[in-house]
Amino acid sequence: MLKVQNLHKEFVNVVAIDNLSFEINEGEIFGLLGPNGAGKTTTIRCLLNIIQPDRGNIIFNGSKNYNIKDIVGYLPEERGLYTKSRVIDVLFYLGELKGKPKSFLRKNIFYYLKKLDMEDVQNRKINELSKGNQQKIQFIGALVADPKILILDEPFAGLDPINQELIKDLIKGFLNEGKIVILSTHQMEMAEKLCNKIILINKGKQILYGTLHEIKQKFGRLNLHIKGTNLDENLKNFSEFESIDLYENYAEIYLKDHFDVKEIIQKLLMHYDITSFDLKEPSLHSIFLSAVKQSGEKL
Amino acid sequence: MNKLFTVAKWEYLERIKNKSYIFMTFFFPLIIFGLALLPALLEREEDLSTKVIGVVLKNIDIYDDLEKSLLDYKTKDGQPTYILRNINSGIDDPNKILETGTKLIKEKAIEGYLYIEKVSSDSFLVEFYTEKFASIKDIARFEKVINQVLINEKLKLIDLEPDKIKGLTRSVSLKLVKLSEKGKEKFETEKVFLGTFFFILFLMFSLIMSAGLLVRSVVEEKSNRIIEILLSSCTTNELMAGKILGLSALGLTQILVWIVIAISAGGPVILNYIQVQDFGLSLIYFILGYLFYASLFIGIGSIANNEQESQTIMSLLSVLIMMPIFLSSLIFENPESTIGTYLSYFPLTTAPMMTMRINLIEVSSIEKLITLLILILSIFGSIWFSGKIFRVAILSYGKIPNIADILKWLKS
Chain B
13 MLKVQNLHKE
23 FVNVVAIDNL
33 SFEINEGEIF
43 GLLGPNGAGK
53 TTTIRCLLNI
63 IQPDRGNIIF
73 NGSKNYNIKD
83 IVGYLPEERG
93 LYTKSRVIDV
103 LFYLGELKGK
113 PKSFLRKNIF
123 YYLKKLDMED
133 VQNRKINELS
143 KGNQQKIQFI
153 GALVADPKIL
163 ILDEPFAGLD
173 PINQELIKDL
183 IKGFLNEGKI
193 VILSTHQMEM
203 AEKLCNKIIL
213 INKGKQILYG
223 TLHEIKQKFG
233 RLNLHIKGTN
243 LDENLKNFSE
253 FESIDLYENY
263 AEIYLKDHFD
273 VKEIIQKLLM
283 HYDITSFDLK
293 EPSLHSIFLS
303 AVKQSGEKL
Chain R
1116 MNKLFTVAKW
1126 EYLERIKNKS
1136 YIFMTFFFPL
1146 IIFGLALLPA
1156 LLEREEDLST
1166 KVIGVVLKNI
1176 DIYDDLEKSL
1186 LDYKTKDGQP
1196 TYILRNINSG
1206 IDDPNKILET
1216 GTKLIKEKAI
1226 EGYLYIEKVS
1236 SDSFLVEFYT
1246 EKFASIKDIA
1256 RFEKVINQVL
1266 INEKLKLIDL
1276 EPDKIKGLTR
1286 SVSLKLVKLS
1296 EKGKEKFETE
1306 KVFLGTFFFI
1316 LFLMFSLIMS
1326 AGLLVRSVVE
1336 EKSNRIIEIL
1346 LSSCTTNELM
1356 AGKILGLSAL
1366 GLTQILVWIV
1376 IAISAGGPVI
1386 LNYIQVQDFG
1396 LSLIYFILGY
1406 LFYASLFIGI
1416 GSIANNEQES
1426 QTIMSLLSVL
1436 IMMPIFLSSL
1446 IFENPESTIG
1456 TYLSYFPLTT
1466 APMMTMRINL
1476 IEVSSIEKLI
1486 TLLILILSIF
1496 GSIWFSGKIF
1506 RVAILSYGKI
1516 PNIADILKWL
1526 KS
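Taken in order, these protein sequences are the chains called B and R.
Going left to right, the first sequence walks through residues 13 to 311 as this note's numbering numbers them.
Going left to right, the second sequence walks through residues 1116 to 1527 as this note's numbering numbers them.
Just so you know, these hints were derived from the structure itself, not from any lab.
Every clue listed holds true.
The calculated lysine-lysine pairs, modelled on BS3-like cross-linking and capped at a C-alpha distance of 27 Å, are:
| # | chain 1 | residue 1 | chain 2 | residue 2 |
| --- | --- | --- | --- | --- |
| 1 | B | K76 | R | K1503 |
| 2 | B | K143 | R | K1132 |
| 3 | R | K1132 | B | K137 |
Selected chain B positions facing chain R (Cβ under 8 Å, derived; list incomplete):
| # | residue |
| --- | --- |
| 4 | I62 |
| 5 | K81 |
| 6 | Y86 |
| 7 | P88 |
| 8 | L93 |
| 9 | Y94 |
| 10 | S97 |
| 11 | Y105 |
| 12 | E108 |
| 13 | L109 |
| 14 | K110 |
| 15 | G153 |
Positions of the beta carbon are idealized from the N, C-alpha and C atoms, including for glycine.
For reference, chain R alone in the conformation it holds in the complex (with noise of 0.2 Å):
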């Protein structure tokens, strides 16, 4: 047992001073949490100065209410973000309006100019001409408050008021609520969507983090033999065990990480998307899952014989970790379905399926603990299963072995 934990320190000390470890574990979150939260950094940012955006209105009349519906837009020090600046009083020759707005942007007179034109009675040309890239937040805005402005218009053509129209058509939220064991619970669908598939990604990624570790760490054991000298010191199983414990515990090191980067960077905002709402059981799930599924990489894993073979290896078990995110979206659409209940007794995908079938729905007790059943013995079958093939194949150099070799070494 003590070799178990000796083996264990090593690969998880060795390895998480490893640099591209470190690198995965800190940057790769900050990567990717700042692409995704980059769209909504950026939308929150506050203007920073005042624009003079040109207006070229014909056959309409709109330049008040545009302007007005504009003023709602403020820089940081509290003045208007668009100052609208009419430029056809007087022009109707298209290509002499065409030539006013190019020279005052060439004069930075205006970032750009909105042409506006009403074709037809419920017709309408809308064009805004800059000399570069419109920033995708300024089109949204005018393209919002055009919209608006416009329809108002049409709204008064038929003698509706605009805001009894809004108080018409005002739309109600279907608020959840799911009756469970412990009673009335707030149930906010998508919140408990987009939590319990994050968990479920969360797990995908550290196993695919982990089942890399592990076939990487036997096989490189395996290929400068030293992995004969640790025989010489403790037995096959206290060798694999010892570095299903290290390397998880590596892997689960970095969801941790992960998990404080990304609570610090936002945490409010993301727990304002997000709900798991058996918090406590996912995680057994997650934990059960994380080490069936580790236990059963490291066996398949020792069948390489380098670098190369590993990584064919590894590509298979990527998809094999990727189902469940395939198969969630057939959850999401009907947690009651039928190949729910069966995916979740079902070993390789118990544990995602039941995380997302108990936040979804009301399962049962007896339920809940026959798949926390399958999983633990899943565990012990994987385990026994790899130190099968674990034992003979960390000794076995040459080609990649065969079904029937694996089946023969199974039966021995």
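So that you can see chain B by itself, here it is in the shape it has in the complex (with noise of 0.2 Å):
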């Protein structure tokens, strides 16, 4: 387990971090979520070590005394490698600096060339591959060294659906080995299918934080879905609703917190012909941004 305690990060008159607390089991997808800004990379630099935070307290597995930097592996936003060095080379040296022996890496680098079916592409130049092939080699590259916690920063961001659900079954694959994934993202789409806990920030601040099921239970409202043929203005005096896009035989419905949906609909039933209704559990990107928009007031 992975367990973060008061992290905090102060720069010169800027609070990156303020205070986050959150713990990562293991076999859990992790979601670190937050607009532009809200202090996602100092987070994870931190976690990294690669800056040393003022306060606060990383423990793995019960432990302080861990070298973080051997047992994670890790895929920043912005891609890059040493464009001109050969695939195999590139690969060897990321294992080496995990303090892996060559023979584990040599293993390893095979393994997932195959998964990825880029088996042929070892011995070209970085250079020579297609941008989507070189973000593959970047994600081998993270996991070459066999880490404990994979931290990936908008993975999906670039690649064909093909190969999003390639890197998506590699991940799978990684959690079933009883690993920890850290998923920094903007796709909120993603990271509800993948993510089995989440931690919203906003300029450095916890807004939203537990599994996906308590934040949709907590924080969001559900929405009606209904169909009808005499749907009318009149459905927006009803004083259970939040709000509601109107169509012509179609309405959105956000629903107040604390009603009995079943009374609601048995009340919809007597006054208007529905021909169908859905309820449907709010998006996580529903939810990002009225809990972005809430502390932004706040702050």
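Put the two chains together into one complex, using the hints given.
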């Protein structure tokens, strides 16, 4: 388990991270979410011990005495590799920097090259590869030393759907071995599909934190989508509705908290000819937007 | 520590394969040595064939003397290089002479002709007429021989025997003997000056090469952001020290190749011209000076964001590196000068100044010890300084930091 306690970092006149705390269990994908400039990169750099936090503890499996650099694999958002070097040399170098022997690395490198269908590129120079393939090589670079924690910053950006699926499979395989993935992304849909737990930060502060289910329950309002033949403006007068998007024969209704959905549906059926209805959980995207907006107002 | 060597190994092995490095290492010295040795080689090259040179003499009779003196030059097969041909027998009209000479040249009967006229008792007109550019070597020889012959002519006029004069005016050469702790040492000033100068030139050259490599290596990793991946695996100190070690080794490899090329190309010839008095200690100053500069450069280089900015920084660093070369003339003129002593204690010039001084004058052991200590402490100082800058600069993108920013980083 990775436990982060009261992590705090200030730069000149700016609080980059403000007392962040979170826990990640083995086998979990943890979403580190937030708008641009929220403090995600600083948090990652603190986790990687690239910069020193002013305060706070990072505890792995109950201990502070470990070298994070040897157990973590990192894929930064900005992509770049030694463009004039050979694929195989770069992968060996990245692995050796983690202190792993060549024999161990050779096995892993060929395993991942095969898995991503890239065996034939091992002797090519990086700049001879397509952008997507370069990205996959960088992903292999993060995995090659068999890390216990994988930190991925926008891993899917710029990848086509086929490669996205390949990477997703690799992440799942990694998790099945009981390891930890920290995923930083703006793609809420992806975070919603992949993450077990998320933290949403803005201006260094924690806005939301918990499992996806908990967050949706706690912070999200249910959406009711209805179809009917005689829907009209009177729908806007329902006190149970927070807001409503009304179309010709269709409406998306955002419900207020603490109302019984069953009663609302019965009430609607009494007034309108409803042909179908669908109760939807709020998307992480909408939670993200409203939470960031609210936090901005508070700040 | 292992990671430091992993970085060093990578920097060394990846860059040694670089085409521009290979070019600079193997072809550059060949070009330089080629250019430097060309005149000497030309001079030494034996003459291939005999040339017929016309001679026109007016109011003077030195034909036999000229012929005799030029016979000293022989072709490869032992034949005379120059055969003279008198082309003005019986002709006095200058136009006629010109006509005859030109005709003979056109017919390729002669290469060209010498026109020597005694204008007054002590002045002569000497010209060489030729259709194409005459070789510098030939001209130099003619000049030498004609001067000699004419001087002898003048001496004869005042009743002096040329051979006696030669004996009377023979100069002596002053041989220097350096008294040192080791006793008497033969000291050939020119050789030692040249040897010392080469040593410093090598230091400066290798530093310019390595500074370029160091700055480019950081800027490349910074601009393609791979630096963040590296720092997720090793510390900034390991990365920086690994780079200094790997790229310094690369620079020193280059020097080694140059030396090997120089020695194999003209070994004994070169050793005839240069001499280094205290090679061991000079080498220690060289390596320490090299490490000091290299560790300083990596910190300064890390503030650049792209190739363009690194070029600007490089040109500033080059001025810094060249400084001792400009100052070297001061020391060569007077190795005992106070400024030389002061500059020996100033870390940026300690290595080159001390290399010069220990080779040219007797420097006390205490002074050697103090300057070595200064250099070693300066290496640690510059590693500390560069480490502070490197740590922040490699993760900062955007504008080049100003002095205030750098001071802030140093304090943090």
